[in-house]
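Protein chains in written order, with my numbering: chain A, 1 to 423; chain B, 1 to 423.
A hint or two may mislead.
[Unchecked claim] Residues of chain A clear of chain B, computed beta-carbon distances all greater than 12 Å:
#, residue
1, 39
2, 95
3, 220
4, 251
5, 371
6, 403
[What the hints assert, rightly or not] If we take Cβ atoms under 7 Å as the criterion, some of the chain B residues that face chain A in the derived model are:
#, residue
7, 81
8, 179
9, 183
10, 254
11, 391
12, 392
13, 394
14, 405
To be clear, the hints were calculated from the coordinates, so they are not data collected in a lab.
Positions of the beta carbon are idealized from the N, C-alpha and C atoms, including for glycine.
Protein chains: 2
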Amino acid sequence: MESKELVGACIVGQSGGPTAVINASAYGVIRTALESKNITRVYGAAHGIKGILDEVIYDMAEEAPYELSLLMHTPSAALGSCRYKLKNADDDETDYQRILEIFKKYDIRYFFYIGGNDSMDTCSKVSSYLQKVGYPCRVIGIPKTIDNDLALTDHCPGFASAAKYVATSCMELYHDASVYDRNMICIVEIMGRHAGWLAGAAAAAAYMGQGPDLVYLPETDFDMDQFIEDVKRLYEMNGECFIAVSEGIHDKDGTLISEYGADSVSVDAFGHKQLGGLAATLVNILKGHLGNIKMRGIELSLLQRCAAHCASETDVQEAFKAGKAAVEFAINGVTDKMVGFTREYDEDNEYTCDISLFDLMEVANAEKKVPREWINEKGNGLTQEYIDYVLPLIKGAPKLVYENSLPRFAHLRKIPAKLKKKD
Amino acid sequence: MESKELVGACIVGQSGGPTAVINASAYGVIRTALESKNITRVYGAAHGIKGILDEVIYDMAEEAPYELSLLMHTPSAALGSCRYKLKNADDDETDYQRILEIFKKYDIRYFFYIGGNDSMDTCSKVSSYLQKVGYPCRVIGIPKTIDNDLALTDHCPGFASAAKYVATSCMELYHDASVYDRNMICIVEIMGRHAGWLAGAAAAAAYMGQGPDLVYLPETDFDMDQFIEDVKRLYEMNGECFIAVSEGIHDKDGTLISEYGADSVSVDAFGHKQLGGLAATLVNILKGHLGNIKMRGIELSLLQRCAAHCASETDVQEAFKAGKAAVEFAINGVTDKMVGFTREYDEDNEYTCDISLFDLMEVANAEKKVPREWINEKGNGLTQEYIDYVLPLIKGAPKLVYENSLPRFAHLRKIPAKLKKKD
């Protein structure tokens, strides 16, 4: 058991795919750490764990407080992100030795890492190694992912803002795609490899009466024949059909629908397949069966994860709170945990969100999917349970600062950290 | 010369591609007409001129005033739109005879048509025919187009909201696309066949310090070799490159770049080529020259023209004013005109916008392009003149009504018009 009082520097890193609020979490860490008497210096790692390995480290105290405050509503990862997978320390200690060396050099006693499943894996591995070698350092993971697929926590910062963008855009597209007398079949492709939380948000547009007819998630097997039949029936009935699909939908054999007819699929450093082009693939297949109907495939692409102008203020504030809580817990002796959220309802049945702590090991590499019972029987829509889950999360207009009626995002100076001479 | 006092019904139609504010113009017409003592009934034509030909006509007085008021911020065309080209009356009078028949049947004495160049053509033809046959009816066109390519008017309702979405999205994508240590080449494809006004808005993001390195408009010839060289140079220098392109860019022979390697290009009723896939085409070409660099093509697709949540309130209010002014002018005897805007600057050098009248014939089928001197010499960026032109237009957050933190768009009842028995 570590002593409660631990004085030293802290470092914060961001990792994995960006979101609209990962910087709000970073700001929660940085501001709280800058104000803490136990934390001597506040460092930012350039591009997550890679910045530690490469010793590209910024001194956050060199940033103007106003610019730091703009991080609250600046999308993407201001410190830079990475998709770097640490080997198991048992197989290769090189990276861990280097991390230890840098931590010692900068007297880093607090490590905060903001990311998804893979980042919690990194966090967990670093924490275990430092414990093994007996280097006192408190390690806390802070969740973020538009995929919302982290285990144990009720939801992840970043998800709700992306969900709000998806629902809003689907409502707008609903109006656009049905404007002519001879309308179109419109297919919107939404991110989410294995979990359909984000694609599910399209159902919130349908709940508002202005959204897709069909929503497909990767939690169920996609049946192409049934799909073609459903689209045909709806088009014949309504003269239009609006479909939302998660990029990760697959058939009963597990083959990704986006691979139907694709020449090749590239793979990233974690072995994840790089998806995309699903909407176009489905349009091609439908054209083969339904003939000369106007169709349009729309990929929300990077837009859905960086749309800070359409963020959920609830999400922004929770992301900040998660970062702030991480520092406060760490100062109070907590380590090897991920901060997360537990959902509560107050006496007026209003949503509230409590900060909880979860074991890093339990979160790392696990995936939480949309419960099967939140998806309708046919697997082409969501139930009221999903709507009740998502609506409180997307609440509130983002309090962006505007200049020329365009967002005024943070400009960081990114001054390299200089080590003080020993006193 | 018509007598000034003309009493009868009015009909309003919407035509061409939707925008975020074409409904604000419709609301300007409808509300003003409902309040006018000279206008006996207010009709809405389903799908523009097609609704008149097919006699699908709604009674706007049957709509709840609150729902009508929501049209201010509801995207797309609530009455439905069309892309129907009237033949010249000299060649074939069929459609015109039918329009006259319907106008007589419903005692329509005011015709308001909201649309782009092609719609002003329709308007002008109907107006000429009605004058020729001596049927007193005042015809006013109300501009709308995200392309901003109508002649004479300083700008067109719909453009500024799309421009704001383009600039905002480019700022957000700038942050997302540069987040990794090994970054990507990102190409954003923006609508605009022959005029680059909308793609130019990407330069407003660059003006904010967070936008594309290169912006290409159809006003200049696109030189593929120069493009590849510029991208290569920038990528080598910065480790990333962010490019915005108008869908209509073409080489010096006039061949569309989107057709490079394309199998076929479909053509709509006006003979316009249906573009798209340009970003993907450019990505493929760059991959051939620059090798294994991560690249992403992003098509803003329909999203850019229906993003009411990111509209310019200036645009919304001007669109409403244009509709309102159309009715007021018509009641005062004006016909055969398009309402448009003249830009003024007040004593504090603040932008103001005056309503002007332009001859329909002069506007119909003409196209206004971005002045060559507003594009830099190399043809890969915009000058300060463009920025000064666009920034006042995008001003103001849209005053949307929200429900569940999602837009509450109008739901119209669309009650078919019933003719009253003659008194």
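Structure-based check of all given hints:
No beta-carbon of chain B comes within 12 Å of the beta-carbon of residue 39 of chain A; the shortest separation is about 26 Å. For residue 95 of chain A, the non-interface assignment is confirmed: its Cβ lies about 16 Å from the closest Cβ of chain B, beyond the 12 Å cut-off. With a minimum CB-CB distance of about 25 Å to chain B, residue 220 of chain A clears the 12 Å threshold, and the non-interface call stands. Residue placement check: residue 251 of chain A keeps its beta carbon more than 12 Å from all beta carbons of chain B (closest about 25 Å).
Distance to chain B confirms residue 371 of chain A as a non-interface residue, since its nearest Cβ pair spans about 22 Å, more than 12 Å. The non-interface label for residue 403 of chain A is inconsistent with chain B: the shortest C-beta to C-beta separation is roughly 7 Å, within 12 Å. Nearest Cβ of chain A to the Cβ of residue 81 of chain B: about 5 Å, under the 7 Å cut. The hint holds. The interface hint given for residue 179 of chain B is met, as the beta carbon of that residue sits about 5 Å from the closest beta carbon of chain A, less than 7 Å.
Below 7 Å, beta-carbon pairs count as interface contacts, and residue 183 of chain B has none with chain A, the closest being about 9 Å; its hint is therefore violated. A distance limit of 7 Å between C-beta atoms decides the matter here; for residue 254 of chain B the minimum to chain A is near 26 Å, and the interface restraint is violated. A hinted interface residue such as residue 391 of chain B counts as satisfied when its beta carbon comes closer than 7 Å to some beta carbon of chain A; here the least separation is about 5 Å, so the hint holds. A least Cβ separation of about 9 Å between residue 392 of chain B and chain A goes past the 7 Å threshold, and the interface hint is therefore violated.
Residue-level restraint check for residue 394 of chain B holds (minimum Cβ-Cβ distance to chain A is 5 Å; threshold 7 Å). This hint holds: residue 405 of chain B has a C-beta 5 Å from the nearest C-beta of chain A, less than the 7 Å allowed.
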